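K.L.:
Taking the hints into account, I'd like the entire structure generated from these sequences.
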Amino acid sequence: MSQETTKEVWAISEQHEGKLRPVSFELLGIGKKLSEKLGEELAAVLIGNNVSDLAKPLTAYGADKVYLLEDELLRRYTPDGYTKALSELISNKKPSIVLFGATINGREFAPRVAARVQTGLTADCTGLDIDDEGRLVQIRPAFGGKLMAMIVCPQKRPQMASVRPNVMKKTDPDWSRKPKIERVDVNVGPEGIRTKILDIVKEVNPETIKVEEARIIVSGGRGLGSPENLKMIEDLAQVLGAAVGGSRAIVDAGWLPHHQQIGQTGKTVAPRLYMAIGISGAIQHLVGMQTSDIIIAINKDPEAPIFKVATFGIVGDLFQLVPAITESLRKAIAKKN
Amino acid sequence: MKIVVCVKQVPDVIELKIDPVTHTLIREGVPSILNPFDEFAVEEAIRIKEKHGGEVVVVTMGPQQAREALLKCLAMGADRAIHLTDRAFAGADTWATSYTLAQAIKRLEYDIIFCGKQAIDGDTAQVGPELAEHLRIPQIAGVKKVEVDPKNRKVIAHRETDEGYEIVESNLPVLLTAIKGLNEPRIPSIMGILSAKKKEIKVITAADLADDTSVFGLKGSPTQVLKVFTPEPRARGVVIQSRDPNEAARQLLELLASRRIISLEKEMEPQ
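These protein sequences, in sequence, are chains V and L.
The numbering of the first sequence is our numbering, which starts it at 1 and goes up by one.
The numbering of the second sequence is our numbering, which starts it at 1 and goes up by one.
FYI, nobody ran anything at the bench for these hints, they're computed from the structure.
It should be emphasised that the depicted structure is a prediction, and the values quoted were computed from it without experimental measurement.
Possibly wrong hints are sitting among the right ones.
Simulated restraints, written as ranges between beta carbons of each label pair [stated by the list, open to error]: (1) L:P233 / V:W175: 38 to 44 Å; (2) V:G29 / L:P150: 47 to 53 Å; (3) V:P173 / L:K151: 50 to 56 Å; (4) L:S258 / V:E234: 24 to 30 Å; (5) V:D132 / L:G91: 23 to 29 Å; (6) L:R27 / V:K336: 48 to 54 Å; (7) L:P20 / V:R183: 54 to 60 Å; (8) L:A90 / V:T5: 27 to 33 Å.
Virtual Cβ for every residue (Gly too), placed ideally from N, Cα, C.
P.N.:
This is the structure we're talking about:
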């Protein structure tokens, strides 16, 4: 696609069963900053069916307008359906920038869209800005976070990026803003969707906090000794309102499901607080969590590499320490209330 | 089943160090490995072949030494390999990489294309879906179980989602990307390693794929890396020895309160 664009920055708003994912608001937060720098409008693109109610929160959190793409065939995400709907809209409207959440679905269909509209795409960005030439500057980690790369898309438009969840700040909502909805005709026929969802298996309680969206994560490792002791981690996480994660060792041992694994072959996270309990800190684990704001490590081995990245480390017996910490937190919170 | 597996040779990220002066990667002495996610893809392709018959062809794009990664796949049990290697391919972003792979693969017969979900050096997870789009075939990304039905020319795959997984069906041909949990990759046997040396590795250059080679590599890439830099090193933290768990817990709570993770305001009030 050529350089000719309309003056719009787009945030692809991901909804699941009628609920917006948190990253959708974060995209509007960063999208607002970029669009203001460019003097352009910020549009949310909402794909689904019977989701027009969501235009109100999207507007409150910064969208100047909402493109609404509704069809029964778009009720649930499919790569073919979502790629077709969005690619056609991009070709018609020619936005300057398109931002996706780097979620499981976002990272599956954003590249498909990029290949179809023949433009560049930068994955899992942790920083975005506009340079003096008005280009989108995209910052992302590579080599397990050992290097950061600064990337631009000089010729092709739109400039597309997926953005890591839990990194960008959302703005304070303004509920007085009235949604400006533009309904878009969707031409997705059943023959255009080549993968068929036969069944949906939910393994995660919808109330459970996901590690990639959590403000606090409490993770356990081999030092826990046996799966029953995971209960200590869960109790601490509950008091803190935290998600539970784990090292590869305990996921491979079957104590925790793979979607809770933190590290190279699991999830990369950067919460406000990361607590590593009984985790020695193999580099495969560190690459998945070392950009967390505060890291607390508890381990009996003073030489454990986890202490090199810890903000606060306690060398000691986790079986004594964790219950003591959980109990003090409980008391502190009870006292406050 | 004709199965094509796309693989990448990557530096063992674990061993990588940063030059403290130039802030660039020190590549010397860092072992190169077959991308771990691609191992799951190769293993699954071989298992499908063992069950249903057919052929497994591995394809890589990379410098001369990437041949080692192909040899490993052949030793695991792949039948033959294709090595896309040319200076014109260098510096490719995901768009140009997937485009180049597509130009080579569209000359082959295939029912299934397997990729690892992502490579551990770039971590983009973009080449698989972009390749599927260039070839105009359906995709299922992030699969942890695959069943092939050759008679009806279908696959049924378990695709990881944020909530669990979906059971997804697709007609062949299809592109699948593999995640951890799909299988336990085999370690090549001595016989496998010996037989790998006799298997075909076909070398393809840019001129074999297009008259105008500016569509490949850096020139064919929509995105450009302006610069690379090392992230700010973490500030050195405090490590204490715990003699009294309650005292350690008290210090920890103080830290959490000072960083506004928890609030202890009422407790701080004078009695």
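K.L.:
Is the hinted range of 27 to 33 Å satisfied by the C-beta distance from A90 of chain L to T5 of chain V?
P.N.:
holds, 30 Å
K.L.:
Note whether the CB distance of G29 of chain V and P150 of chain L lies within 47 to 53 Å or breaks it.
P.N.:
Given a distance of about 49 Å, which is inside 47 to 53 Å, the answer is holds.
K.L.:
For P20 of chain L and R183 of chain V, compare the CB-CB distance with the range 54 to 60 Å and indicate the outcome.
P.N.:
holds, 56 Å
K.L.:
Please test the hint of 24 to 30 Å on the beta carbon pair from S258 of chain L and E234 of chain V.
P.N.:
With a Cβ separation near 26 Å, S258 of chain L and E234 of chain V satisfy 24 to 30 Å, so the hint holds.
K.L.:
Determine whether the Cβ-Cβ distance between R27 of chain L and K336 of chain V falls within the hinted range of 48 to 54 Å.
P.N.:
Distance hint for R27 of chain L, K336 of chain V holds at roughly 53 Å.
K.L.:
How does the Cβ-Cβ distance of D132 of chain V and G91 of chain L compare with 23 to 29 Å: does it lie in that range?
P.N.:
For G91 of chain L against D132 of chain V, whose Cβ atoms are near 25 Å apart, the range 23 to 29 Å holds.
K.L.:
Indicate whether the distance between the beta carbons of P233 of chain L and W175 of chain V respects the range 38 to 44 Å.
P.N.:
Check passed, 42 Å falls within 38 to 44 Å.
K.L.:
Do the beta carbons of P173 of chain V and K151 of chain L sit within 50 to 56 Å of each other?
P.N.:
holds, 55 Å
When the structure is compared with the earlier hints, no violation turns up for any of them.
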